[in-house]
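Trainee: Sequence:
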Amino acid sequence: MSRPDRKNQFTATLFRPAEPGGDPSWSFVVLPKEVSDALPRRGRTTVEGTINGCPFVATLDPDGRRSHWLKVSEELRSAASATVGGRVTVEIRPVKREPEPELPSDFQKALEAAPEARRVWEATTTIARVDWIHWMTSAKQAKTRVKRIDDACEMLAAGKKRVCCFDPSGYYSKAFQSPAPVPTTLLDDAQNPLST
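Position 194 (the sequence shown) corresponds to 193 in numbering that gives the first Met the number 0; numbering is contiguous.
Mixed in with the good hints there might be a few duds.
Derived pair list, reagent style SDA-like, types lysine to any residue, alpha-carbon separation capped at 25 Å [what the hints assert, rightly or not]:
hint, residue 1, residue 2
1, Lys159, Pro180
2, Lys95, Asn51
3, Lys95, Ile126
4, Lys70, Gly48
5, Lys70, Ala11
6, Lys70, Lys173
7, Lys95, Lys173
8, Lys95, Glu18
9, Lys160, Pro182
10, Lys6, Arg40
11, Lys160, Trp120
12, Lys6, Glu18
13, Lys70, Glu18
14, Lys159, Pro39
15, Lys32, Lys108
16, Lys159, Ile126
17, Lys108, Lys139
DEER-style ranges, computed between Cβ atoms [to be verified]:
hint, residue 1, residue 2, range
18, Thr88, Pro23, 18 to 26 Å
19, Ala157, Lys6, 38 to 46 Å
20, Arg161, Gly52, 33 to 41 Å
21, Gly85, Gly158, 14 to 22 Å
22, Pro31, Ala112, 38 to 46 Å
Read the hints as simulated data drawn from the structure, not as lab findings.
All figures in this text were calculated on a predicted structure; none of them were measured in a lab.
Ideal placement from N, C-alpha and C gives every residue a C-beta, glycine not left out.
Assemble the whole structure, with the sequences as input and the hints as a guide.
Mentor: And the structure:
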């Protein structure tokens, strides 16, 4: 792993996700493994950097292959004069101090109803809180998320400061992956429609 103040630069293709969810405007970049190797952890981690010289701060997500991927908003893509399907120059380095993760409202309500869990939550490290929230929010079904929130409150109330049996990298559990990209041929067709 590199020193936290060391910048890593690479070029990569900017992809459009095949399944963008409710917001079709975002795109993403997959980091080369050697760049991910220089980061302080395999799980979610926050970096600062530039895309084509345009600055950003973002939390990288693990891709389940010992690397990470970066979600690029439409605003950042536009400011960086980048196009989906094109190459971008990315420079990143870990932030000096991992920021506090945003507390999901459903988990916040659960903590308010469980004072002992709240006390232990407040005594955990920022990285532990990042992993707890990642574990809860990565549930694929609403009922699983509710169960994980309940389980989190029980574990915290019992004094556990770290989520049990959670692989934040997704490598061993195969739980995470970068989004599947739209095939390049579809991008080419959309950007250069055939005249009839």
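Trainee: Going back to the hint list, which numbers does this structure go against?
Mentor: 1, 7, 8, 9, 12, 15, 21
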